[in-house]
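If you're matching them up, the sequences are chains A and B in order.
Residue 86 in the numbering used here sits at position 86 of the first sequence, with consecutive numbering throughout.
Residue 66 in the numbering used here sits at position 66 of the second sequence, with consecutive numbering throughout.
A portion of the hints provided could be inaccurate.
Said to hold, decoys possible - Think about it this way: if two alpha-carbon atoms lie no more than 30 Å apart in a straight line, the pair counts; the simulated DSS-like pairs of lysine-lysine are:
(1) B:Lys-27 - B:Lys-44
(2) A:Lys-97 - B:Lys-44
(3) A:Lys-3 - B:Lys-44
(4) B:Lys-51 - A:Lys-69
(5) A:Lys-97 - A:Lys-107
(6) A:Lys-107 - A:Lys-69
(7) A:Lys-69 - B:Lys-71
(8) B:Lys-71 - B:Lys-27
(9) A:Lys-97 - B:Lys-71
(10) A:Lys-107 - B:Lys-27
(11) A:Lys-69 - A:Lys-3
(12) B:Lys-51 - B:Lys-71
(13) A:Lys-3 - A:Lys-107
(14) B:Lys-62 - A:Lys-3
(15) B:Lys-71 - B:Lys-44
(16) B:Lys-62 - B:Lys-51
(17) B:Lys-51 - B:Lys-27
(18) B:Lys-27 - A:Lys-97
(19) A:Lys-97 - A:Lys-69
(20) B:Lys-62 - B:Lys-44
(21) A:Lys-3 - A:Lys-97
(22) B:Lys-44 - A:Lys-69
Calculated directly from the structure, the hints in this document are not laboratory data.
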Amino acid sequence: DAKTTQPNSMESNEEEPVHLPCNHSTISGTDYIHWYRQLPSQGPEYVIHGLTSNVNNRMASLAIAEDRKSSTLILHRATLRDAAVYYCILRDVGTYKYIFGTGTRLKVLA
Amino acid sequence: NAGVMQNPRHLVRRRGQEARLRCSPMKGHSHVYWYRQLPEEGLKFMVYLQKENIIDESGMPKERFSAEFPKEGPSILRIQQVVRGDSAAYFCASSPPHGSEAFFGQGTRLTVV
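Bound-form chain B, shown alone:
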């Protein structure tokens, strides 16, 4: 059973471009979470999704950021018109429907130049 897969591992974007980060949860996991980690800081919750539904997006910036978890395919975190302050590591985690612990991917490191 493969773990949580995130791609790409590293992503470089110029200011104003779009960034698309993908997360494939572990098999059998229908809950996905996205976190952002700035350099030398802890992880900050962004959004929690179940298949086709956003359950909690209280940590998402109001503009430019969106997330989805379609019925088929990976979860996508989309950042439009990226700015330098978006440079960070973005981690995805997944858990089963009634599971306790979540399992994290290796993250996508976004650099905005």
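Chain A on its own, in the form it takes in the complex:
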């Protein structure tokens, strides 16, 4: 299973954009990049996913490097409710299995 590397923690001020990086240098051509987040005492929540092109949805944007060896989750305006652990996961479409790393703990300052 391809591995991802994320910073252990990050801080952001409320109302400001947040860029959460993820390195995945061993990504294969069939691996999708998924992002989930886990709020305290809750189950993981789907955020966004993509393959090659940048993706936008109501929650966030996903910027994928041209060589696909890294990606960045962008929260356009952080709120206190965005404080969570964010997981970057590579998932081959054929395996159906998510391998969670340790994620990035995002702290949002009021």
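Chain A is fixed; fit chain B onto it per the hints.
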């Protein structure tokens, strides 16, 4: 459409008892996954099931743990003769047959005393 439902949310068992955790997938989802999360750690894959079949149980401990997803009813994760080290949050996720993203339940927090 209700989300993935897990029950109970909290479960306390004495050492040596059995724990049964239930997961009802979202409507139309035939794939179920179980994960375990120890305090302050990430989620660890345990097992992947489709209706009436175990597809991948590579993350399941070899003894005391079993999972099923019958034709009718919820998926069940069963832990026999629980020990203190089984204390953790157990999460279930489901996805449709050809879906990409999985949706997680709120988890069952098992405490073994």
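Here is how each hint holds up against the structure:
| no. | hint | in the structure |
| --- | --- | --- |
| 1 | B:Lys-27 - B:Lys-44 | holds (25 Å) |
| 2 | A:Lys-97 - B:Lys-44 | holds (11 Å) |
| 3 | A:Lys-3 - B:Lys-44 | holds (14 Å) |
| 4 | B:Lys-51 - A:Lys-69 | violated (36 Å) |
| 5 | A:Lys-97 - A:Lys-107 | holds (28 Å) |
| 6 | A:Lys-107 - A:Lys-69 | holds (26 Å) |
| 7 | A:Lys-69 - B:Lys-71 | violated (41 Å) |
| 8 | B:Lys-71 - B:Lys-27 | holds (14 Å) |
| 9 | A:Lys-97 - B:Lys-71 | holds (22 Å) |
| 10 | A:Lys-107 - B:Lys-27 | violated (34 Å) |
| 11 | A:Lys-69 - A:Lys-3 | holds (11 Å) |
| 12 | B:Lys-51 - B:Lys-71 | holds (6 Å) |
| 13 | A:Lys-3 - A:Lys-107 | holds (24 Å) |
| 14 | B:Lys-62 - A:Lys-3 | holds (25 Å) |
| 15 | B:Lys-71 - B:Lys-44 | holds (26 Å) |
| 16 | B:Lys-62 - B:Lys-51 | holds (22 Å) |
| 17 | B:Lys-51 - B:Lys-27 | holds (13 Å) |
| 18 | B:Lys-27 - A:Lys-97 | holds (20 Å) |
| 19 | A:Lys-97 - A:Lys-69 | holds (20 Å) |
| 20 | B:Lys-62 - B:Lys-44 | holds (15 Å) |
| 21 | A:Lys-3 - A:Lys-97 | holds (13 Å) |
| 22 | B:Lys-44 - A:Lys-69 | holds (24 Å) |
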